[in-house]
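**Student:** Below, each chain spelled out in residue letters.
Number of protein chains: 2
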Amino acid sequence: MTTRAIAERASVPHGSVSYHFRGKQELLTEAALYTVEHMFPLGELEAVETLADLMPLITTWLGTLDSTDPALTGVLMEAMRESERDNPLRHRLATMLRDYRRLLADLVHAEQHRDVVPSGATPAALATLIAAAGDGLLLHALLDPELDVAEAVTAMGTLLGRPPTT
Amino acid sequence: MTTRAIAERASVPHGSVSYHFRGKQELLTEAALYTVEHMFPLGELEAVETLADLMPLITTWLGTLDSTDPALTGVLMEAMRESERDNPLRHRLATMLRDYRRLLADLVHAEQHRDVVPSGATPAALATLIAAAGDGLLLHALLDPELDVAEAVTAMGTLLGRPPTT
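For the record, the sequence lines run as chains A and B.
Numbered per this note's numbering, the first sequence spans residues 1 to 166.
Numbered per this note's numbering, the second sequence spans residues 1 to 166.
To be clear, the hints were calculated from the coordinates, so they are not data collected in a lab.
Note that the coordinates shown come from a computational prediction; the quantities given were computed from them, not determined experimentally.
One or more of the hints may lead you astray.
Calculated lysine to any residue pairs in the SDA-like style (CA-CA distance at most 25 Å, straight line) [as the list claims (entries may be wrong)]:
id, chain 1, residue 1, chain 2, residue 2
1, B, K24, A, T2
2, A, K24, B, R81
3, A, K24, B, G74
4, B, K24, A, M77
5, B, K24, A, I6
6, A, K24, A, T2
7, B, K24, A, E78
8, B, K24, B, A52
9, A, K24, A, I6
10, A, K24, B, E84
11, A, K24, A, T122
12, A, K24, B, K24
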């Protein structure tokens, strides 16, 4: 497929496609990043302030993506696969992940301050763990649609929450 | 590439390739599964009996794979991508994941019995969480080689271990 064919399918002049993107590779990179960004809206995560609100958001994301348009998850898989040979794409995806982890680390830090999350691990380490567990659960749910990912997210919330002092 | 070309590259008679595999697709599926099975040897996991031994094993696996032959992680990514359109491959990968989760659930169950892991979540839910976190960390490490996955695994061990009663 050429950028000309893409312009035709989108019913826009070819000039507007070639003006915005330096060739097909850049167009595909932008399309992949746009899709990934819309799968996990950063704004929704930004609005979350407590661990109790975070876990349901992750479960909702997983449920939506699992049952969503296969083309969408196809783009996600393709972006991962492409990132192996496409350095700019990998950098952009890595930067996106860093933004998520930074937000998660802020949330964990605040909850540790409120004594909701135990302080035995750093906010950065826990943020990496939460983000990885979420993406790993999505991957496993796509491979095995019968997998109960919701109970795994609940388990993560239980582990992260400080156990009631008895 | 044809099965004939593959047989030539492997210096084996074409008959032995066509005898063992029903065409190129099946050969590629078997190659992908073989690679994935050797990336995470089930036997190593079977030998682990405690949470304290599990976390270092996960960190070792992540470290090995992260710095390993890019062709190997390429096969992993490709297998994930292909599983979207290849049902038999997806089933085989899902079955493999179930085997891992079953072993992890047995380990978690034993550690809950020994009062090492808190019993606020089921062994199955915690096993799903541990397996997903491991795979998610691998994915993130491949996208972002600077990411400290070891501290995230340590954090997971801390969360899973029952906090000392004070």
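**Student:** Given the hinted pair K24 (chain A) and E84 (chain B), is their alpha-carbon gap at most 25 Å?
**Tutor:** 24 Å, holds
**Student:** Would the hint linking K24 (chain A) and T2 (chain A) be met if the CA-CA limit is 25 Å?
**Tutor:** This hinted pair holds, its Cα atoms lying about 7 Å apart.
**Student:** Can the restraint linking K24 (chain A) and R81 (chain B) be considered satisfied, given a maximum Cα separation of 25 Å?
**Tutor:** Given that 25 Å is the threshold and the Cα spacing comes to 21 Å, the pair holds.
**Student:** Measure nothing beyond the straight line between the CA atoms of K24 (chain A) and K24 (chain B); if it is 25 Å or shorter, mark the hint as holding.
**Tutor:** Violated - the C-alpha atoms of K24 (chain B) and K24 (chain A) are around 30 Å apart, more than 25 Å.
**Student:** CA of K24 (chain A) to CA of T122 (chain A), is that 25 Å or under?
**Tutor:** Violated - the C-alpha atoms of T122 (chain A) and K24 (chain A) are around 42 Å apart, more than 25 Å.
**Student:** Next pair to validate is K24 (chain A) with I6 (chain A); report whether the Cα-Cα distance is within 25 Å.
**Tutor:** Distance ~9 Å between K24 (chain A) and I6 (chain A) Cα, so the pair holds.
**Student:** Are K24 (chain B) and I6 (chain A) close enough, with their CA atoms no more than 25 Å apart?
**Tutor:** Roughly 31 Å between the alpha carbons, so the hint for K24 (chain B) and I6 (chain A) is violated.
**Student:** Can the restraint linking K24 (chain A) and G74 (chain B) be considered satisfied, given a maximum Cα separation of 25 Å?
**Tutor:** 22 Å, holds
**Student:** Is the hinted pair K24 (chain B) and E78 (chain A) satisfied, with a Cα-Cα distance of at most 25 Å?
**Tutor:** Judged against 25 Å, a Cα distance of about 21 Å means the pair holds.
**Student:** Could you grab the alpha-carbon distance between K24 (chain B) and M77 (chain A) and see if it respects the 25 Å cut-off?
**Tutor:** 22 Å, holds
**Student:** So if I understand the rule, the pair passes when the alpha-carbon distance is 25 Å or less; does K24 (chain B) with T2 (chain A) pass?
**Tutor:** 29 Å, violated
**Student:** Tell me if the straight-line CA distance from K24 (chain B) to A52 (chain B) falls inside 25 Å.
**Tutor:** 43 Å, violated
Against the hints set out earlier in the document, violations occur for numbers 1, 5, 8, 11 and 12.
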